[in-house]
Each structure stands twice: as structure tokens, then as C-alpha cells.
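Protein chains: 10
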Amino acid sequence: MLLIGTEILPFKAMAFQKGEFLEVTNENLKGKWSVVCFYPADFTFVCPTELEDLQHQYATLKDLGVEVYSVSTDTHFTHKAWHDHSEAIGKIEYIMIGDPTLTISRNFNVLVEEDGLAARGTFIIDPDGVIQAVEINAGGIGRDASILVNKVKAAQYVRNNPGEVCPAKWEEGASTLKPSLDLVGKI
Amino acid sequence: MLLIGTEILPFKAMAFQKGEFLEVTNENLKGKWSVVCFYPADFTFVCPTELEDLQHQYATLKDLGVEVYSVSTDTHFTHKAWHDHSEAIGKIEYIMIGDPTLTISRNFNVLVEEDGLAARGTFIIDPDGVIQAVEINAGGIGRDASILVNKVKAAQYVRNNPGEVCPAKWEEGASTLKPSLDLVGKI
Amino acid sequence: MLLIGTEILPFKAMAFQKGEFLEVTNENLKGKWSVVCFYPADFTFVCPTELEDLQHQYATLKDLGVEVYSVSTDTHFTHKAWHDHSEAIGKIEYIMIGDPTLTISRNFNVLVEEDGLAARGTFIIDPDGVIQAVEINAGGIGRDASILVNKVKAAQYVRNNPGEVCPAKWEEGASTLKPSLDLVGKI
Amino acid sequence: MLLIGTEILPFKAMAFQKGEFLEVTNENLKGKWSVVCFYPADFTFVCPTELEDLQHQYATLKDLGVEVYSVSTDTHFTHKAWHDHSEAIGKIEYIMIGDPTLTISRNFNVLVEEDGLAARGTFIIDPDGVIQAVEINAGGIGRDASILVNKVKAAQYVRNNPGEVCPAKWEEGASTLKPSLDLVGKI
Amino acid sequence: MLLIGTEILPFKAMAFQKGEFLEVTNENLKGKWSVVCFYPADFTFVCPTELEDLQHQYATLKDLGVEVYSVSTDTHFTHKAWHDHSEAIGKIEYIMIGDPTLTISRNFNVLVEEDGLAARGTFIIDPDGVIQAVEINAGGIGRDASILVNKVKAAQYVRNNPGEVCPAKWEEGASTLKPSLDLVGKI
Amino acid sequence: MLLIGTEILPFKAMAFQKGEFLEVTNENLKGKWSVVCFYPADFTFVCPTELEDLQHQYATLKDLGVEVYSVSTDTHFTHKAWHDHSEAIGKIEYIMIGDPTLTISRNFNVLVEEDGLAARGTFIIDPDGVIQAVEINAGGIGRDASILVNKVKAAQYVRNNPGEVCPAKWEEGASTLKPSLDLVGKI
Amino acid sequence: MLLIGTEILPFKAMAFQKGEFLEVTNENLKGKWSVVCFYPADFTFVCPTELEDLQHQYATLKDLGVEVYSVSTDTHFTHKAWHDHSEAIGKIEYIMIGDPTLTISRNFNVLVEEDGLAARGTFIIDPDGVIQAVEINAGGIGRDASILVNKVKAAQYVRNNPGEVCPAKWEEGASTLKPSLDLVGKI
Amino acid sequence: MLLIGTEILPFKAMAFQKGEFLEVTNENLKGKWSVVCFYPADFTFVCPTELEDLQHQYATLKDLGVEVYSVSTDTHFTHKAWHDHSEAIGKIEYIMIGDPTLTISRNFNVLVEEDGLAARGTFIIDPDGVIQAVEINAGGIGRDASILVNKVKAAQYVRNNPGEVCPAKWEEGASTLKPSLDLVGKI
Amino acid sequence: MLLIGTEILPFKAMAFQKGEFLEVTNENLKGKWSVVCFYPADFTFVCPTELEDLQHQYATLKDLGVEVYSVSTDTHFTHKAWHDHSEAIGKIEYIMIGDPTLTISRNFNVLVEEDGLAARGTFIIDPDGVIQAVEINAGGIGRDASILVNKVKAAQYVRNNPGEVCPAKWEEGASTLKPSLDLVGKI
Amino acid sequence: MLLIGTEILPFKAMAFQKGEFLEVTNENLKGKWSVVCFYPADFTFVCPTELEDLQHQYATLKDLGVEVYSVSTDTHFTHKAWHDHSEAIGKIEYIMIGDPTLTISRNFNVLVEEDGLAARGTFIIDPDGVIQAVEINAGGIGRDASILVNKVKAAQYVRNNPGEVCPAKWEEGASTLKPSLDLVGKI
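Chains as they are written, first to last, in our numbering: chain W, 63 to 249; chain Y, 63 to 249; chain C, 63 to 249; chain Z, 63 to 249; chain D, 63 to 249; chain V, 63 to 249; chain L, 63 to 249; chain P, 63 to 249; chain F, 63 to 249; chain X, 63 to 249.
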């Protein structure tokens, strides 16, 4: 089933952020833009570079009114320990959700059932809790958080300017297209 | 269900390429790398810019041993007509598949059922017919084909160098990570 | 199941008419007579001659209070493009419905499931939305719109003159039969 | 379900032809072209004019290698009686099938269940027993057998000339269309 | 299941009587005694002699307050034609029901499914619509309407004289038996 | 379901005949004609007159090659006792079957379930075990065994003279009808 | 399932007692003690001696406030006939129930299904309709009604003296046991 | 369901006899006559007197070739303890089966489900493992083992003398009845 | 399913304690701490030593506000007898529940179905009826009641000091751990 | 269902031991004794003290031929990290299994479904893979590994000395009980 355009399913989970444990539910993702970034496991290889890369964009994303959540099937205890012991992870300021029940990973169709681990999926969710963009890579292929920022901007632009669309390779400030009957079959 | 890591499902469809009609099945996607790029409809707005952008990368992708397929739920007749009449589309040299039975769009979980149109999904498939990367954007948000090239390279690198992984923001030639027990918890 | 005598099933679709896009539902077919003409695909062979032939009768049908709808599983975008680029189709003034969800084609039992295309079916529907006549030909066999006009007249005559019937080969103005007990077994 | 393109379903029935009773099964319809003409009931109003009209074309149809069958849910006894007593029906030379079990009428989707009578449906069936054309009219609207002859000729032409199609209003001898890629989008 | 003692099931059908068409339902059989006489088909062999024989008793049955209905799976149109053309049937004054939907024949368990024809069953039904006597013969064995009259009289006597029974071979006016405990085991 | 034309269902029961107990199964009814006569209960009112009446015809029926069986849901012990103590029943020479399991009464659809007693049904069965005639009367209405003899003769005549039928009121020696196409619609 | 301790199931049946027919239901067994004695069939071998033996105890049982019912699957008509003709049975004054529907025999789990006859079961039922004692013997083994009387007395004693029990071989007047904790493990 | 005439169901259990533990299965009951005597619980009130009474008849029953089994839902350990500590039970020489799984008590339909205890049922089983007699008493009503001996003798007599039956109150040596047709209705 | 943390299921049973019989239900276990100790059978080997050992801790457990229940599938009668006859068991003062219906043993998942006996399971239940600790040993392995006391103390400590936990080998008075975020990953 | 006495269910998982990652399946647990120790989560409170306590007994258990496995729903990566960073855990030499798929925790009925964490369960498994002892504590109550050693010894003694049992509080070297009939009811 296509997840794009659907509202996120209910979940309740414990998370770690800046030295505190907190509970996060699907309701927390409503009312502002969210980026949810799944990765397989704490204390593994590609993951810290991806998460660190995401941290580098966190301020930018915050400025865009976006909250960022990382999710793995580890517990929030493990998230804290990783944060304590890893230099890269120790810099992370966004919310790290623990999903040991596998619920959230199943909700977003990224669970690798035979491993009990999430695939590397990134989701952009609008303030209505509706998924607007999905990117999932097989193990081994890293993601680029700077592209994510562009995509968030495009999604926000489309939401704020109903009736316009962002063409391929669109970047903030570039001209958009205003769909009209005259354009049909003309581009 | 997670599509990453699964083999593509069977399909049979008519396609258009460089002035010819041809039949394409899931078997044609085996034996080399493939990019499958879904879009909603011929003769619409964002689509031609995305497809044109993809054409710009076609030579590069061919050099990487990748075949490119675009798919919409239009017929191959309409693909030909679009190709005949649109300057942007007329440049396209890759294979344009018609999916009026909606089968392929359903196989890749990108069908918007109430519209009968595909969402903007891009899939990288390895020579075994196994999906390695997925990107899907809501209507209005364009894709950037140059990023796709990088992702293909990363996927190929991982396949050709078992035991290494591409960290975040990896680009061709950059150093990769060789997972080893010593690295666990050390990055 | 016999479609004759049944009310048309619900649908909602986008259509193209004289340079405009419009939404059409089954409700739009109520209150006046309708002709619904299915054909396999835009930009194909027999189809334009049939649709052009239908256009030739459009004024006559309008005079009879009949609206005309053509339907294929293409989108309304493609209908517009075809209209823009084909001399024959460019003349069409009636409503061209896009059925990419295949719903209408299934409703009228004309969908060729393995192709995702409609068979060449023509339906006459009365102002109550009830199907009064059906004609379906296999691929390759064209239809003759002038015969359709005669059939519409006969259907209207029967509706307006309850208690009379049109014998074989009846044409407008010819005498009809008034069924009576005396006629039973006498013709 | 679309009947066009499907093989006729099995049946076994008694029939009347030229003073004799005979058994007819679906197998009898194989090996030559057939026209099957349903009508509601013997000794009724429109029916005899339609059946008489069909008789007028019987010689022509026979010359085209077509056998003709009329079917109602009456018995073959009643068919004989009607033939004996009606001047119009007395001229009929083709095969009149009795369908009191309602099986054939159900097979061809023309049974009006609440009446136990067949609707006015005409079917052209090719030598493989596959339905090529259907025409069904609501009660009161007569059929024109001369149009049927044209349609049979078109069906035979298409079968005998694979790769050509008959455009709208085609009549025997008129030029046909040879579908080719070049024609796509050009008519 | 035993039909004796059960109320007749609902039906609605067209019938022919003395030059008129009329609608008959199960409700019409309530309030007076009825005889319902099934036979296979109009224009066949034994049937007319049986139906003629029944007509000979019609006046007597009317005097007993009994209405008579014949039923076959033919239409009422065919009944009229048979009445018009057969000397024997032309004399019939009782109601001839057409059962082309096979409903009534199924209701009374007399339908020969593979033929679509009714077996030769005769039913006596009391003013409550409850079946009091059944007689069914295989094809070829005729019925004797005079015996039917006797049976009707016995059924009426039993209904009008609760507590008495008609012994074997009882005829009107003969003495009946009054069941009493003393008679148990004494006859 | 119509019993006429169906083979009798399997049963096994104890019976009484002329001072002896014997086992009877459905197989015993094969190879010769049979009359099976159900009645409600031994030691009751109408029953003995009916059974006595049947005995009066027993010799005639035997001459016709017919075996006679009476059946009630009493045991064979009770049949013997009734035979011992009733003058009327004491004359009976045919086979009296006990059906305390209610099996045979259910097989012939004559069981009154709420009473555990059989209705007054008479069946004529041919040497193949196929039911040829049924007569069932409500409680209180007696049967006439002499009519039964006529019906048996008619049934035997039809079996022995395939292609002829006995018209209404036929008695032995009377002329029968030879169905032919010429007779259709002529009687 | 254990019948002891359960209330008897509903039934309605005709019975014979001292020259009269009467209706008996399960409700008639409430409010006083009952003995229900099943046997296979009237006019058979062991049965009359058992029933006669039971009659010998009838006065005693009546004095104890017990009503006695015999039950077979014969009808009440047959019970009357047996009573009329058998010297032994003619003495019986208790109620003889007819169970031709097999309902009561099934209720008490004594029906031999393949014979349609009851096994030789005797039941003692208390004034609440609850079964207190069961005895069933295979065919051929007779029962002894005098033992039944003792058992009834014990059942009544236990009901009237809650907290006392009758040891093995207890007879009226003998000392009973008063269960107390001290007796546990002491007898 | 009637247990009389059915073979005992499979079971496997531990038992106690004369200072030893042994396994007993349903197979052990084949090949000789058996008496199976259920009682609620060890160390209770009526039970020991019944079991002691049964022991008094044990020698007699052994002489008749009968093995005796007592069964309660206690364990064989508890049987041994009861045997050790109770004077009455200490005399018992027959086999005391433990049925803590409740299997045997359920097999013989004597389990009081809400208590987990067996009702006071006694069964006589022939050498084929087929149940010939059942006696079950509600709690508080004792059994008399001497009557059991008589019943065993009757059962054995019937088995050894096929064709004879034991009338009511029969005791060993008394004359039996030889069922014959002449006796039907004569006793 | 995990029993820890679930409320005990409903049961009702008879028990023995200090010379009295009493009824115990699941409700009796609410409002105070309980220890429920299952064992296979009275009068067996390991069991008495375990039960005696438990008695030695009974006073201590009582002081801790804990009631103790032993459970086997024996009856309460057998419990009394064992208490009367065994020196070890005779000392027991806690409540000995009889579970002949096997209900409680099934509720606590300790029933060995093929034996009808409970496994050696010990359960600590808090005043809300919620199971806090489980220990089950295979046959032959004894339990140590003194460890049980420690475990009860730990369970009580945790309940009374929310927010503290007892580390491994904790004994009363030893320091506990106060979980805090700082401790995560620090022990 | 009782786990004691059942064979462990299949699983496959990654584990960490002494600086290495290894795969462990249920088959690895066969052929020697095993202790499987579940705990909720790495980097939490009671857990390290329990696991450290278990490590103290590891040498002793190894000497007894026992392999030790700890299991949590964390990954083996997290196990390594915990081992790297925790002084207590860093001493652990036994096998630490990661169960992120929750399979093993479900197999042993210790999964707290709403948390995705295992309860504190310890299992002793014999060389046939059959569970011999279970101990599960609610969160907060620690376990004592020294008791575990005693229980293992008892289990091994029972296995090696069939026919002997270990009484309560048994420790190695203490005398055991040899179950014999004489002992029944004597302890």
C-alpha cells in the first residue's frame, strides 16, 4: 500500500533527548513538520555517520519548523548509552526513539522481519501527520541529509502555495510551475 | 511490507522506445542494474521536467550499466504521442512503459487507487531483480536525477565490495567503511 | 447479468470538453438521454474514425436531447493532448471521459482485464439513468453512428408512447405496433 | 464480465427447423460462423417482425457461411405451433431453439430473471465459438438484420485479414486500415 | 419435505382466461378451494386430453366452490395461442397460468430441472391455502378428473365435519367414520 | 424435489407377511413392479378400510406382476398383533413393513415430523426402482385402490410401449396416443 | 453427558391409561416423584413380564407418592390395542406413553438409533424433574421392580434428610450415615 | 448417546491392587467379563460401604469369570494410602484404578464436571469390551452388590444362550423365554 | 503467555486447614500477599519434604502478611486423610486446596495434561492478585522454601518502595538501587 | 501451557562472546546442559548485578558441563557496546544472545508484549533440549545465581540416577529418596 498521502498510524514509545527520557506518541508529530529517520541499530557502522550528518542539518530544519526523530529497534536505554559513549552520537540534539516492540518500524513498512531491525528509511511528515516523502535505502547505502532539507522546503512550498508545483531539481527560490490547462501537453 | 530487499513481482507490459513498441517483462530487468521511475500521467506538469532531467543522466547511467524505465498508467500509444508532440519528452531515449492495467504500479506500491495514477516513485533494482533503493514524493515535489546517479554508484559499490559500506554523503571515490568488530561502538 | 434495464452504477471521473477539464459523475447522466461510447485507447487506429463519425451525429443527437460521452482508460490529460494534436479528434465537441481507475469500464462490463483497455461498447441510457441499448464489437469491427441515431429515436419513441412498440427496421415516422391481446399470435 | 472474446458456455436444447425437431448443443456452433438471436416470447408483438426480417437475410448469411439460431424460453413444441399458425413465422427456415430451462439465456447474460424471458440480444460468434459482437435492445426497440450482415462481413474480414481493421461505417469492399506504428497518433 | 399440510409459497404470474390476460398470485388462491393442475407443455400430446377432461368437470367443481388453475412453464402468450388454435383447449374456461420463471413449478416440487418442464401434478388446496391432496404421474400416464371431484368432496366433508373421516372408496353421501376410543383396534 | 423419476433411496426394515417376519430392503423392490402404501398408524380408523380395500385388489395386482407393501412407523411386532386381532387386517396377504426408525417415511417425503407418523401416500415404482406415480392425501381423505390398478396398468403400458402415451381417463384396452411431430399442436 | 442431576428435557406425547387417551408433557412429571420405564416394543417378549412386574409394585409406588410411566416408540393406539389383547398388559394401571417421534427416548439417551426402539432403561425422577437414578440393561436382561422400590425409598430419604446418606445395601428403617468431618477417612 | 451396546473407549491409567501398582488400559478389559464401579472420592462416606460390599461379592464374581475395577478420580497413590489406613478398604482385593486425568469418568459419562468427581455408576462389560448394563445413582443413594451378581449372571446367560431372554426378576436356574413368532403378542 | 504481571484467573475449590473444610476462591487471595505451591500428588515422595519445609517458613511468612496455599489435583478429603496419617503433613497449618477439576492447575499453566497432576510450581502473588514470581521444577527436583521467603521480601520491598529495585542476591536490609537516568549504562 | 518437560522451540540469533560475534540456534543447546537467562535490557539497573552474579558462577557451571546464555531483546551490537563500556558486564565470559526479533523471548513465554522486553526468567535445559526448571521474577526482584547452581546439580543428579528424587532443600552429597511402593504414604 502506498504510504504517501496517508496519516501515520498510532504508536507510543520511550525516547532519549539531551540527557532526558521522554515519551513520544504519534500525536506529538502533529502540528508541525517532522522528519523520521529509521536506521538498523545503535553501535553499528553507517548509522553514526548518517545520524551525525542529520545533526548537522538539525538547526536548519528547526528553523524550518521541523522536528527530527531517529528510530531504531533498540531501547531508549541503549540510545542513552550510545550517546554517552560515541563522540559522533554524543553531539545529537534531536529525539532518539526506542522501538523494541517493532511497532513504529512496522507502521512505516521498514521492518526487516527476519532481523528485527529497521531499514534505512527517511520520512517527511506534514503538520497533519500525513506522509509527504519517503526514501529507503538497502543496507550499505548512506543517505544525504542536505538533500532532505531541499525536499522539506519543496514540500512546505507546495503546502503553502496550493496550485503550484516544484519541477525536478527545484531549489528554494527557483521558479515553480503553476499548473494550468494551457500547460497540459505543452511542456 | 518492506520492498527493499525483495525481488520485483511479475509483470508484462507494452513500452515505447525510440520510435518502436516493445514488450517488457520483469525478466527484462534481470541481469543488469535498472532504474524504474514512476510518474502520474503523460501530458502533465512536473512530469516532463523530471523525465527530461532523467534523460540528462541517461548516458551516465548507461555507462554504469543501468537501464532506465519510466512508467505511468498511460498506454504505450500515448507515450508515443507524447514523445511525438513534446519537445522535452521527444528527447527521451530510455524505455517508457505503459501500465494501463495498473499492475506494475500496484507491484511497486505506488498506485494512488482513487486516481488510477502512480505516485512519483523511483526504484533502483540490482541485477538479481532485487530492489535496493526507493524514493517516493507526494505530488508537487520533484526529484533530482543527479542524486539518483550517486545512489546507484553507492549501491553498485556495496554490491561489488562485499564487506564495505558507504557512509552518509558518500560520493564515488570517497573512502568507505569496512565493518569490523572493532568498529562496533567506536564511530 | 443483463445490463439492459438496470441503472448505471456510481462513478466519478475527470473529462475533457472543448478546451476545459470537468468532473463527471453518474448523476450527470440523469435527467436527459445519454450515449456512452467506449473505445480502447487514444492515439490508436479505428478509434479516431469511430469518434469522428460520432461527432458527425453529435448535432443531431443534441437536437434529440442526448448528451454524448466517450470513455477510454486514458486520462483527461491525454484526451486534451489527443484533441490538440489530431485533426479528427480536434473536431470533437462532446465530453471525453478519462477512466484510468478502470471503474466505469468495469461498471459497464466492457473492460478487457488483461489489457486494461475498454472494448468498443456503445450504450444508450434514458433520463432515469437506465440502460436501454447495448452494442459491443470485438477489436477491429467499427461501429456506425448513424444507426445509433435511429436506435435513440426508437428508444425515445417507446418511452414517450407507452403501449406501442417499434418493429424491426423501424425508422422515425414509420408506423409502430400497439400491443393488444388481439395481436397475440396474429402477427 | 465482458462476453466479447469469450467462448460460449455449454448448453443442450431442443429446436425446431423446417418441420423437424432437432437437438442443438454449443458444439454445433463450432466450425462455422453463427448468429444467435434472442427474443422474449413466441406469439408476441415485435418479435415476429424481427424474426421475419432476419429470415430475409438468411440466404445472404448462409452464403457468408453463417448459420442462424433464434432462441426464446418457449419450448420447441411452441416454436412448431407458432410456425404452423403465423404467416410471418411460417416463412422461417433457420433454427428455432427452445430454452425452457433458461440455461442459454443465462449463458449469454440476456435473461430477465423476474420475467423468465430473454432480452432482445443478437450475438455474432466465430467458428471457434468465440463471441465477436453483441447487440441488446430494451423491450420495444426493434433490430435491423441488414446491419447485422454488415457486421458479420466486418468480423469475417478482420478474421481473414489479420493486421487490418475496419474503421467506422466500413462496408464490404471499402478500404480498411493497416495498423502500423506510423499511424499512431496520426489519424 | 411433505407438502401436504403446508401453506402454498408466494408466487406472482400472468395467466390467460377466456380471452383476457390477468395476474395471479398465491393470495388469489385463498378464501376458496382450488385445484392446481400442472402439465409439461402447451401443444403436446397427453396434455390437451387431460386439460379437456378437467374442463368437463369445471362446472361441477365451480358448483363445489372450487377454482381451477392449470400451470405450465409456457408463457401466457402461448396459452392464448394454444387456446386460439386447438379445438380441445379452445373450450377451456378455467385459468391457465404461465410459469416461464419456473417459480410455481419449483414451489410445488414438480419441476423436472433438466427439462425446464413441470411434471403432471394435481393439487387440492383448501381455503386457507393449505395443500390437502397431491397426485403426480410420470410422463405418459394420464389423470382422471372425475376422481379429482370425489377427492375434493371428501376433503370438503372432512373440513366441514371435524371429527369424522372418510374411509377408503368413500363417495359423497356414503357414511363416514366418527373416530372414537372404542373404535381403536376394533375395525 | 420431484420424486417422480428418481430411484428409491436405501432402507432396511423388518416386515410381517402371512405369519412370518421378514427383512425388506430397497433392493427387494427392484426387478418387478411395486406399490408402496403408507398410512399413519396400526389400530386406527380410516387405515383398516384402506388396507382392506388394497387387499381386495391384491390378486389383480399380483397378476399384473406387482408386489404390494404397506408401511407405517409401527413395528413389525405391532403389525403381527394387528393382523392377529383385527378381522379386516387379518385378511391381508401383502407385506406389512415396520418403519419405527422413520427412515422409509422420510425417504418418500411422507413423514409428519411432529407426529412421528406417515401421511397417506401411495407410490407406484417400476422394476428399476424408479417412482412413476405418487398420490398423497391429508388425514381423513381415503384412497381408492381400484383407481390404483388402472394407474399401474397405464404405467406398465407406457413402459412396454415406448413412444405411446395414455391420454386422460385411459383404461386398459382403450386406444393410446403415438406422439409424433404431426400431432404437435393438433390435439 | 451425565444425566444424573440434570432436569428432564421438554417433550409432549400422547399416552394411554385405563381406557383413556391423554397428553403427557415433561411438566406433568414435576411436583411429585416419577418412575419412567423404557422398553423396546409392544407385543414383544421380555417386555410384558417387566411391565407386569412393575404393575405389581404400582400400588406401593403410589403410596410413596410416585407416578409411573412406561415408554416405547409405539403409538398410544398400539398401547391401547396391547392393553386390550394381552392378559398381562391388560392389568396395567399406570401411564403408557407413545413415543413414535423418538423424542423422549432420545432425551433420556436410550434410543437405539438403528432400530428406532428404546433400550430397557429405568429412571427415578424427583419432584423437581431432576433425574436421581438410572438403570439400563442390554436386550435380554430383565429388571426387578422390587429393587426399584428400595431405590426410590433411598432417594426420598436422602431428599428428606439432607446431610444423611444411605450406605450400600441400605433398606428402609436401617440406620444411615451422617457425613461429618470426623468420619472422613474413618470408615 | 446410549452407552449400552457400545465398546468401551480407550484409556490408560495407573491402579493399585494388593500392595502393587499396575497399569490398566481398556485392552485389559477384553477377553473376560468386567464390572467397573465408579465412586466419587477416597476417604469419603458412602463409598467405603459400597466398596466393601463389592468386595464381599468379589469371590463370587471371580468364580463367574468376572474381573472387578473400582474407579475414582483420585490417584493410585491415594488408593494405596486409603487401603493402608482404612479397615474396610484394606480388605479390598480387586483393582482400584486412579483417574486423575478424568478420562475414564468422561468415557463412561459419569463425570460431574463442576466437581471433578465421578458419579456412582456401575457397568457390566462383556468379553468383547461391550457395555451390557449400566446403573447410576445420585449422591447419597447406595448400591447393592448382590443384585449386581444376578445381573451379571443374566447377561452371561443371554450371551451363552443366544435366542433366549431373561424375563423380569429372573434368577439363575429360573426358566427363560425363547422368543418365537408365536409368542408375539401372546404374553 | 507470560503469567508474571497478570491477575490470577477465577476458581472455586474446597480446601482443608487445621481440621476444617473450607471453600477457597481467587477472591480470597486478594488483599494480602499469597504463596501458592503446587505439587503432584498426596502420599508421594518428594512432596511431603517440600510441604514440610514450607511449613517451617509458615510463621515467618505469616509475619510478612503472607497466606500460604498448597494445591494438588487430589480432593480435600484426601488432604485430610494425608494430614491425619502422615507425621510430616500432620504438622501443616496452612491451607491445602483440592483441585480435582484441574482448573487451578490449568489456570497457573502447571498441569501435566497426560498425568492429571500439577508440576512443582511456586507462585508469589501480591495483594492485587497479580503474580510477581514463578518457580517451576521438573519432577524430582525439590524446592527450597527459605529462598522463597527472601523473594517475598524483595517483592514486598519493591512494592512498598516504588522507584527502587533489588539487585541480584539482595537480602532484607541490604541496600537497593534507585534507578535514575544517571545510572543508565553506569553499572 | 506448561513449558517444563517440553523441548525448546527453534530459533536463530546473533550473539556476542569474548570479543566475537557468533550465531546461536536452538541446536547449539543440545548435547550439553544449558542455562538461559533472560533480562529486560542492556544498560539498565538490576540487570548488570544479576549478570555479574551469574558470571561469578560461570566457572562452576562450566565444570558441571553447563553452557550459559543471557538473552535480551537488544542486538549483539549493543551487547558488545555494553561489554566494552560497563565494568560489571565487561567481565562476562558467557554467551550474550541478541533477540531483536523477539522470537526467543516469545518461545520461552517471557516477552512483555507491550514493552518489547523480556521478563527476568531463568531456564535450566537438559542435553536433550528439554526444559527442566523455570524461574521468573517480576521487574525489580533480583535472582540469586548460587541457587541456580544447586538446582542444576539436582537436575543432573535426577537425570543420572533414574529412580531417585531430590527432596526439598537438597544439596549435592545429601541423601536422596528412592521412590518405592513402601514409601507411599509413609513420609
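A couple of the hints might just be wrong.
In the BS3-like style, the derived pairs of lysine-lysine whose C-alpha atoms are separated by at most 25 Å in a straight line are [claimed, not checked]:
hint : chain 1 : residue 1 : chain 2 : residue 2
1    : F       : Lys94     : F       : Lys153
2    : Z       : Lys80     : Z       : Lys94
3    : L       : Lys94     : L       : Lys153
4    : Y       : Lys231    : W       : Lys153
5    : W       : Lys215    : Y       : Lys80
6    : Z       : Lys94     : Z       : Lys124
7    : F       : Lys80     : F       : Lys124
8    : Y       : Lys153    : W       : Lys124
9    : Y       : Lys153    : Y       : Lys231
In case anyone wonders, no lab produced these hints; they're calculated from the structure.
So, going through the hints one by one against the coordinates:
| no. | hint | verdict |
| --- | --- | --- |
| 1 | Lys94/F - Lys153/F | holds, 24 Å |
| 2 | Lys80/Z - Lys94/Z | holds, 20 Å |
| 3 | Lys94/L - Lys153/L | holds, 24 Å |
| 4 | Lys231/Y - Lys153/W | holds, 18 Å |
| 5 | Lys215/W - Lys80/Y | violated, 36 Å |
| 6 | Lys94/Z - Lys124/Z | holds, 10 Å |
| 7 | Lys80/F - Lys124/F | holds, 15 Å |
| 8 | Lys153/Y - Lys124/W | violated, 41 Å |
| 9 | Lys153/Y - Lys231/Y | violated, 31 Å |
Checked against the numbered hints above, the structure violates hints 5, 8 and 9; every other hint is satisfied.
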